[in-house]
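Going by UniProt numbering, the sequence shown opens with residue 1, and the numbers climb by one from there.
The hints are simulated quantities; they were obtained by calculation from the structure and are not laboratory data.
You may find that some hints are simply not true.
[Claimed, not checked] Listed next, with one range per pair, are the computed distances between beta-carbon atoms:
1. M102 to L20: 26 to 32 Å
2. G97 to M1: 19 to 25 Å
3. P96 to T24: 19 to 25 Å
4. V193 to G17: 30 to 36 Å
5. A128 to S101: 39 to 45 Å
6. P96 to R134: 36 to 42 Å
7. R72 to L20: 29 to 35 Å
8. V193 to P96: 37 to 43 Å
9. L98 to N131: 44 to 50 Å
10. M158 to G27: 41 to 47 Å
Note that beta-carbon positions come from the ideal geometry of N, C-alpha and C, so glycine has one too.
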Amino acid sequence: MKGLLIGGFTTLGTGTGAMLTLQTQAGLDPLHTLISEYAFHPIGWLLPASLTLFAVGAVFIAEGLRRSGAGRMAVSLVAVWGVCMLLLGLFPTDRPGLDLSMSGAIHRYAGFVAFLVMPVAGLLLVRAKANYARAMKALSGIALGALVLVVIPYVVRMAGVPLDNADIPAGLTQRLVVVSEVGLLLLLALHLVRLPHAAGQRTPRVVSVQHAAAVAPVPARTSRSLAA
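Model the full structure from these sequences, guided by the hints.
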């Protein structure tokens, strides 16, 4: 478990550093520019690098959750989030103004699935009384609320109403989802840290009185009792 936690924190921390470097050094408008569009910047290689690191970190944490006995559904959703991060890195979005390509479609729908499954996994662990449950619930709610705001412009465009990202804070709502979900993943790792076996402790066995009496050794008879 210790190795999984070290790997999870290392990859998530490095991925976050790469993402922050890209966001601060690219000089694009974070309020309206979507994160996916940073791939077309000269240092845009940091985007797939960051997403790949997030994917690896999610795999580490999903395996840690599995070993800790977490619910199968929650573990699977965290793993799916990791797979979607990998797909987002491998299949870039289309340049603004171009028709939707196969790569762009994979990128779009992988992003939607990722944005959806992580808060659901968080709520499942909240229901299971995980550590940091209150913070997990808050971040899951923020992620789901921001996801609704991300989806609305796409629904409006599908209805035939022209809408440009410059008219709405699309970049801001997307960043809210990403920040809350990466934060949620870090909380899952911290939840694992607080489990007894994460520090090499062994959970004490609870032995019932009846079982203890059943397995207790029978004292040998004394010579006096035999003589009687």
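Hints the structure fails to honour: Violated hints: 2, 4, 10; rest satisfied.
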